[in-house]
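Asks: Chains as they are written, first to last, in numbering that gives the first Met the number 0: chain A, 0 to 272; chain B, 0 to 418.
It is worth saying that the hints were derived from the structure and are not from the lab.
Positions of the beta carbon are idealized from the N, C-alpha and C atoms, including for glycine.
Wrong hints could be hidden among the right ones.
[To be verified] Chain A regions said to be covered by chain B (calculated; three or more residues, Cβ under 8 Å):
(1) 109-122
(2) 125-131
[To be verified] So these bits of chain B aren't anywhere near chain A, every CB distance computed over 12 Å:
(3) Ser27
(4) Asp88
(5) Tyr117
(6) Pro221
(7) Gly245
(8) Val253
(9) Arg255
(10) Val262
(11) Ile281
(12) Phe311
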Amino acid sequence: MKGRPEGLAPDVETRSVVLEMDGVTHFFGNLRAVYNFDLVLRHGELAGLIGPNGAGKTTVFNLITGVYQATQGSIRYKDANLLGLPSHEIIQMGIARTFQNIRLFANLTVLDNVRIAYHPHAGYGLLDSVLHTHRFRAKEAEMAQQAQEFLEIFGLGDRRNDIAGSLPYGLQRRLEIARALAAYPRLLILDEPAAGMNPQEIDELMELIHFIRDRFDLTILLVEHRMRLVMNICEWITVMDFGEIIARGLPAQVRSDPHVIEAYLGRQAVEIK
Amino acid sequence: MLRRMQKSTVYFIAGGLLIFVVIQVLLSVGVLNNYWRGIIFWGAAISMVALGLNLIYGFNGQFSLGQYGFYAIGAYASADVTYRWVHNDPSGVVVVLFGSLLTVGLYILVSAFLRRFYGVTVMARFTFYVLATVLAFAIAVAVFVPLVGPAVESILLALPDVVSQQIVFFIALLGGASLAGIASFLFGTPVLELGSDYFGIATLGFTIIVKVLLDNTDTLLPFPEMKGARGMIGIPQWTTWPWVFGSLLLVIVVMRNVLHSSVGRAIVSVREDERAAELVGIDAATTKVLAFVLGSIFAGLAGGIRAHDLAFLHPQSFNFIQSFNPLIIVVFGGLSSMTGTIVTGFFWIFLLEGLLRLYLPQGFETWRLVVYPLVLLVMMLLRPEGLFGRYEIPFLRRVLPPLPVKTEAAAEPAQEVSA
């Protein structure tokens with residue numbers, strides 16, 4: 000089937016489609032950043048997207064989240080067409096993402112970072128804000144409560160009044176994931192979540208990713224450079240080079256694919272074995 | 000009721016009342032003469048303008064030099080309403096009242112209509128809004144003035160003079176503020192799409208356009224009573240201390256309440272990182288327009304207050320050099336500190352127009368304009384974060400819920416952080 004590897008368990012193939020990209024192409028001027036990209040994600044999957052620097056992985060993410068508009072092709076989330084929608088509407092539909100280089104609201108508190116993501120679901124309007132009505136107070140209390148519970152899950156509960164930019168790196172990553180999840184997404188896109196982490200932090204991250212997938216019933220797509228992470232947690236992997244898909248399959252298949260070894264993995268893959 | 004209020008709110012109300020009563024008494028007794036009265040009123044007006052700019056620049060991160068343009072629009076619009084009224088012409092009252100209401104109504108219709116389409120470009124949206132505005136005011140002028148005008152006039156004239164005057168003044172202030180808001184909405188919708196620096200240049204352009212239009216109100220625009228570059232005279236001097244105090248209080252409370260809400264958090268998140276805000280689901284474009292319009296409404300209100308205190312308006316006092324004043328006040332007081340902006344706003348006028356003008360020797364008034372850049376320079380070198388940094392008085396501070404208590408240790412007091 001288009002956009003999916005061979006050899007997945009049959010029961011996976013019967014689940015509902017969450018994300019469907021078909022023939023997506025994007026040009027920056029004359030530079031072909033992504034060419035004829037297809038990908039189909041089914042509910043509850045944890046798929047990886049890898050490739051050398053400049054292969055177009057982050058561009059794919061930016062196309063999904065509406066940061067760039069695809070030159071050609073179609074991108075669908077569940078039954079909705081995402082093409083032409085502004086980012087915030089796509090996010091409000093239930094897609095959340097993190098960034099390659101952490102982009103927190105660095106001068107705000109940990110709690111506010113999470114509460115900001117609730118804004119589309121705040122449940123009160125400008126007039127309530129101006130007058131601080133009963134509804135405002137009730138919803139604010141509710142939001143603070145929810146955010147607190149959320150931070151507890153991520154082990155940030157007692158740091159909620161700290162300024163986000165002052166947290167240690169690993170916690171900033173956690174906070175970014177917490178913020179992404181605060182708006183109840185169904186699809187989570189992680190852009191190099193392990194960048195800059197040491198092996199122990201990566202282990203914790205892997206646990207965290209598994210945990211949130213089960214806890215929040217998520218479908219996860221992740222871009223990553225660290226082979227250890229990708230090979231260990233992804234159910235299947237798509238490999239890109241120069242904007243095109245060069246291989247797709249289960250981790251073991253991808254690792255032994257000659258194209259992939261040539262383009263990207265090289266010696267590193269052998270070492271992992 | 001009182002028990003449920005936070006301590007900071009009680010202090011704020013008590014302090015506000017105290018200031019109100021003391022100044023009112025001093026004014027009534029005559030300790031403060033007309034000159035100092037003017038200084039205080041002016042300080043309040045400039046504080047409102049600067050608060051608006053702080054919302055736009057300090058909290059939302061959009062560098063704007065257009066604040067004086069909206070101040071001018073508010074001043075001239077409200078002055079025109081009352082000028083016409085005292086010259087037995089109720090058309091100003093009718094136009095600003097019904098024109099603004101109609102415009103807002105049409106905006107809601109237009110935005111609901113446009114929401115049904117995907118990918119409407121900014122310029123297309125802008126065109127629709129401009130058409131809606133023109134339509135609304137055309138209807139107000141052509142239909143409402145002849146139809147409702149006489150009725151409104153007779154109702155107002157039936158009331159005692161003092162009452163009708165206050166009502167007209169209220170409508171004039173409201174009209175000035177809402178016209179400034181409408182202008183900022185129309186200007187902000189396409190221009191806020193630009194990045195911050197380009198936006199700054201564009202707003203500078205806006206201030207210049209407003210100034211040129213005001214220079215030619217009697218020739219280019221159909222407002223002979225504004226007398227173009229000669230300056231508008233004959234504005235009734237209706238601004239009193241309760242109006243000034245009430246307006247400033249309104250601006251402070253509205254701004255504080257908005258900033259302490261989810262909307263306020265969205266506004267600040269756009270300043271912190273616009274792209275990241277978009278990608279947690281915040282409509283950055285709408286948020287920016289909202290902050291911009293709200294800030295401009297404050298400026299328009301201040302314009303009305305100032306115009307009816309001075310009783311004279313001249314385009315030269317709204318030129319683009321002047322438009323740096325609120326910017327200097329905001330930076331001086333501390334970006335994103337409301338307290339700093341208010342204190343500095345008063346201090347600014349007090350120093351520049353009060354102390355230095357009175358106590359410098361004759362013929363040295365011009366030195367004021369040397370003294371204050373020097374003060375500014377020293378300030379920027381010694382305290383680049385502004386006089387108050389991010390300090391806020393307790394009422395304006397954001398109160399964070401206390402951390403959950405883990406041990407039997409006494410509950411921690413609510414922590415307070417300003418942002």
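Asks: Hints broken by the structure, by number, lowest first?
Replies: Violated hints: 5, 8, 9, 10 and 11; rest satisfied.
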